[in-house]
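Going down the list, the protein sequences come from chains A and B. My numbering runs 18 ahead of the 1-based position in the first sequence. My numbering runs 203 ahead of the 1-based position in the second sequence.
Where hints are given, some of them may not hold.
[Stated by the list, open to error] If you only want the chain B side, here are some residues facing chain A, beta carbon under 7 Å, derived:
| # | residue |
| --- | --- |
| 1 | Glu206 |
| 2 | Tyr239 |
| 3 | Trp295 |
[To be verified] If we take Cβ atoms under 10 Å as the criterion, some of the chain B residues that face chain A in the derived model are:
| # | residue |
| --- | --- |
| 4 | Asp209 |
| 5 | Val220 |
| 6 | Arg240 |
| 7 | Lys241 |
| 8 | His255 |
| 9 | Arg265 |
| 10 | Gly270 |
| 11 | Val336 |
Hints listed in this document are in silico derivations from the structure and should not be mistaken for laboratory results. Glycine is no exception: its CB is placed at the ideal position from the N, C-alpha and C atoms.
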Amino acid sequence: MGGLERNYQIGDDVPSLVKQVTQEAINLFEASAGQTGPSQFTDEETARETLGTTGTVASGRMSVTFAIEMLRKYFGGDVFNHTGMVDLRFLRPVRPGDTITFSGKITDISREANGSKVSVEIKVQNQKGDTTGVGKGSATVPNAYLPAEE
Amino acid sequence: MVEADDRVLLDWDALEVGETFEKYEYVLTQEMIDTYRKGVMDTEAGFPTVSHKVDVKQYNARYRDDGSVNARCAFYCYGPPLPGKRLTVTAWIADKYLRRGKNFIVTEAISVDEDGRLIDRVITHELKQPSEVGKKWGG
Chain A
19 MGGLERNYQI GDDVPSLVKQ VTQEAINLFE ASAGQTGPSQ FTDEETARET
69 LGTTGTVASG RMSVTFAIEM LRKYFGGDVF NHTGMVDLRF LRPVRPGDTI
119 TFSGKITDIS REANGSKVSV EIKVQNQKGD TTGVGKGSAT VPNAYLPAEE
Chain B
204 MVEADDRVLL DWDALEVGET FEKYEYVLTQ EMIDTYRKGV MDTEAGFPTV
254 SHKVDVKQYN ARYRDDGSVN ARCAFYCYGP PLPGKRLTVT AWIADKYLRR
304 GKNFIVTEAI SVDEDGRLID RVITHELKQP SEVGKKWGG
């Protein structure tokens, strides 16, 4: 079991994740679900009419995807893909050309019926230092993966 | 020829929390997964279902409105979907609320594959006055 052992402490930082958001990436994200028509995400005129912005914005769900990636890499896909969650509030638009950085910090560890739930606060900032999103995430880590209690 | 839009104009006051939509089904293809992974720049991204926005798919099929902006989104991972599998989505109106004079709708959806595997759950808070984005954040 030694090879599985992982250690989590309240206050630990989650390694940050940096993403450069391009219009091409936004278009691929939308197209992956068959959404190929003009939208506020892919078409400037539609964004202007719908949102009142001069340009397109990225779907908040792209930020959700990136937060999932950050936590999956931290907890491991074997844990996060089956017990993980993220919950983000979107505070500012993310636009093509933005570089956004996701960071996280462990805020709580609690015993659950199926392991230990490790909770993380999440923050998303753009290249100007503006916060574009905040929220939380968690994963339930099997106790078999954790150091034995004293 | 333009098809007639027979969707119902949203009456936010009349919208009932708990309203459940017709099930939505689709097959997740390898091409969808590859395109998604390229778009999010993550070759191991396990939940391409995120981009399908399935919680609002049937809402948008039933109602027309002025559009929306995603204000909050929660996503629960239960098991990555497999390519070629048919996914069935059950979605419903989970909540609605008025905050600072603006209307929000909360949709929730659960996806299950054809083998009965639970895939994910998504909850989204949508602001139904999307022009607020331009007013607040400008161009």
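Against the structure, the hints come out as follows:
Contact between B:Glu206 and chain A, as hinted, is not supported at the beta carbon level, the nearest pair being about 13 Å apart and thus beyond 7 Å. Here the hint on B:Tyr239 is kept, as its CB sits about 4 Å from the closest CB of chain A, short of 7 Å. The beta carbon of B:Trp295 comes no nearer than 18 Å to any beta carbon in chain A, farther than 7 Å, and the hint placing it at the interface is violated. About 19 Å separates the beta-carbon of B:Asp209 from the nearest beta-carbon of chain A, more than 10 Å, and the hint is not met.
The beta carbon of B:Val220 comes no nearer than 20 Å to any beta carbon in chain A, farther than 10 Å, and the hint placing it at the interface is violated. Because the beta carbon of B:Arg240 sits about 8 Å from the nearest beta carbon in chain A, less than 10 Å, this interface hint is met. Look at B:Lys241: its Cβ gets to within about 5 Å of chain A, closer than 10 Å, so that hint holds up. With a cut of 10 Å, the hint placing B:His255 at the interface with chain A holds, because the nearest CB-to-CB distance is about 4 Å.
Interface restraint check: B:Arg265 against chain A, minimum CB-CB distance 18 Å, threshold 10 Å, status violated. Interface hint at B:Gly270: satisfied, since its Cβ lies 5 Å from the closest Cβ of chain A, which is below the 10 Å cut-off. Interface hint status for B:Val336: upheld, as the beta-carbon distance to the closest one in chain A is roughly 4 Å, under 10 Å.
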